[in-house]
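Visitor: Now for the letters of each chain:
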Amino acid sequence: MALRLLIKNAIITSGVSLRINNSICKRDSSYRSSPIAQDPSHYTKYEVSSSPEEWKFVERLLPLTIIPPPPDGKNFPSGWQPQTAKFGQYPYFVHRTRNHMLPVYLKVSMRGTRRITQINNVDGDIWKLEEALKKYLQKVYGDKRIIATKVHEVCGHLCIHGDHVSRVNEWLLKKGL
Amino acid sequence: MTSFTNKNILNLLRNLPRISISNLKNNDGAVKKNQRGRAQHGGDKHGHGNKGSKARQNFMRPGYETGNNPFYMRFPREQYYKDHHTKRQYPPLSLNSLQKMIDLNRIDITKPIDLSVLCNTGLYSIKPEDKHFGVNLIDEGADMFKAKINIEVQWASESTIAAIERNGGVITTSFFDVNSLYILINPKKFFQRGEAIPRRMIPPEDAILYYSSAANRGYLADPEKISWERFVLSQKYGYKLPKIEDDPDYEMLISRKDQRQIFYGLEPGWVINLKDKVILKPIDPQLKEFYKS
Chain W
1 MALRLLIKNA IITSGVSLRI NNSICKRDSS YRSSPIAQDP SHYTKYEVSS
51 SPEEWKFVER LLPLTIIPPP PDGKNFPSGW QPQTAKFGQY PYFVHRTRNH
101 MLPVYLKVSM RGTRRITQIN NVDGDIWKLE EALKKYLQKV YGDKRIIATK
151 VHEVCGHLCI HGDHVSRVNE WLLKKGL
Chain H
1 MTSFTNKNIL NLLRNLPRIS ISNLKNNDGA VKKNQRGRAQ HGGDKHGHGN
51 KGSKARQNFM RPGYETGNNP FYMRFPREQY YKDHHTKRQY PPLSLNSLQK
101 MIDLNRIDIT KPIDLSVLCN TGLYSIKPED KHFGVNLIDE GADMFKAKIN
151 IEVQWASEST IAAIERNGGV ITTSFFDVNS LYILINPKKF FQRGEAIPRR
201 MIPPEDAILY YSSAANRGYL ADPEKISWER FVLSQKYGYK LPKIEDDPDY
251 EMLISRKDQR QIFYGLEPGW VINLKDKVIL KPIDPQLKEF YKS
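These protein sequences, in sequence, are chains W and H.
Position 171 of the first sequence, counting from 1, maps to 171 under full-length UniProt numbering, and the rest follow consecutively.
Position 148 of the second sequence, counting from 1, maps to 148 under full-length UniProt numbering, and the rest follow consecutively.
I should point out that these hints are in silico values taken from the structure, not numbers from a laboratory.
There is no bait here: all hints are sound.
Computed Cβ-Cβ distance ranges for the label pairs, DEER-style: (1) Tyr43(W) with Lys82(H): 48 to 54 Å; (2) Gln38(W) with Lys292(H): 24 to 30 Å; (3) Trp80(W) with Gly52(H): 47 to 53 Å; (4) Tyr43(W) with Tyr182(H): 22 to 28 Å; (5) Pro223(H) with Ile67(W): 36 to 42 Å; (6) Ser29(W) with Gly29(H): 49 to 55 Å; (7) Glu153(W) with Tyr182(H): 43 to 49 Å; (8) Ser213(H) with Gln89(W): 53 to 59 Å; (9) Glu129(H) with Leu173(W): 36 to 42 Å; (10) Gln138(W) with Ala39(H): 53 to 59 Å.
Note that CB positions come from ideal geometry on N, CA and C, so glycine has one too.
Required output: the full structure, derived from the provided sequences and hints.
Guide: So, in structure tokens, the structure goes:
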């Protein structure tokens with residue numbers, strides 16, 4: 001370390017060539033230690049092709065820069081449905097995710113004993129949505145079941161105790177959300 | 001000469017310290033302490049630190065029996081998962097998710113699909129550093145799969161092959177070595193490095209059989225045998241095999257990679273310049289010979 005510092009100082013003061021510095025701290029992983037390119041006669045010869053036919057094969061290997069907009073239409077084989085409801089149609093609104101999917105997730109915690117269905121991207125009156133969903137789920141499961149919910153109004157999250165992901169998805173798609 | 005050295009040694013001996021009570025010491029191992037710790041590491045905390053939730057409210061790992069010889073280690077048995085960490089892994093992708101990607105225009109089915117197309121969607125990824133060797137296309141959602149595609153995967157089950165061929169599609173299973181995989185999963189990054197596209201290596205000994213079998217639609221199999229196997233599978237699953245010769249997308253459906261090729265249409269040895277949008281090709285015959293073989 002001391003030797004390296006000494007030589008570094010010597011280089012700074014006297015301006016000796018970089019060769020000494022290179023020989024001491026050579027890092028093979030760094031581009032700084034790699035040899036400088038020589039003139040083209042040292043390398044193999046090549047031909048340059050700018051054919052658009054060949055460039056098509058390169059172009060399709062480059063990823064899309066944006067996510068394509070959601071397609072119009074009905075009855076997709078995968079069961080995906082576009083959002084048909086307009087903003088303002090209901091007092092509440094659930095925005096799709098950036099991948100045009102429903103923002104309904106199952107959160108498992110407490111070593112798998114606690115299951116919570118979380119709905120994100122809720123806009124508008126979240127309390128009306130909670131009321132409507134609670135009513136629907138109680139109708140589905142029978143009135144005896146208690147549907148415990150938690151509303152995070154600021155972030156627009158609605159949490160329902162238990163695993164109701166497919167039921168909630170069903171309801172949202174029926175509403176066109 | 002000798003008398004001179006003897007004199008010196010004698011002088012030295014005179015000045016050296018004598019044996020006394022201050023420099024006396026027991027021999028090594030002469031005194032033994034009569035102590036015995038009552039556990040593996042001398043009766044300490046048993047790997048649980050000092051007090052607190054980590055010492056008291058611990059959830060033991062599955063199968064641990066608080067110091068007993070655990071049940072799963074008690075009897076000799078054949079290890080089903082032996083060497084699982086060294087085996088090749090193929091992270092699954094279901095036909096259901098593939099159909100969803102196609103429906104949402106994340107994949108263009110007018111062009112052949114390979115691993116780089118799947119990774120470029122951002123919805124599927126593999127990690128070659130975790131011994132992932134490509135995509136395993138699983139048959140989940142085979143009944144609702146409707147797309148006509150030309151897809152190249154690394155592993156596929158019989159029902160997956162049937163689901164794709166029923167819709168007039170083509171499937172190939174092909175092997176990529178680790179170096180080629182890193183290039184294939186992120187082609188843009190590789191092109192920016194400005195290196196020549198390498199050759200694809202042949203599969204290892206234990207994978208040759210899979211990739212040369214026509215039933216698995218291997219890329220090393222005889223094309224005539226594959227067309228026979230296509231017919232056999234259609235008879236087995238009871239569907240009418242669509243004729244790809246009469247298909248309007250015939251050119252797309254028959255396009256396949258060479259055994260040494262990593263990308264469609266780009267040969268090994270070429271350098272892609274993304275900035276000037278040109279391709280540099282070697283002229284040297286020796287180099288050409290190397291990349292061809």
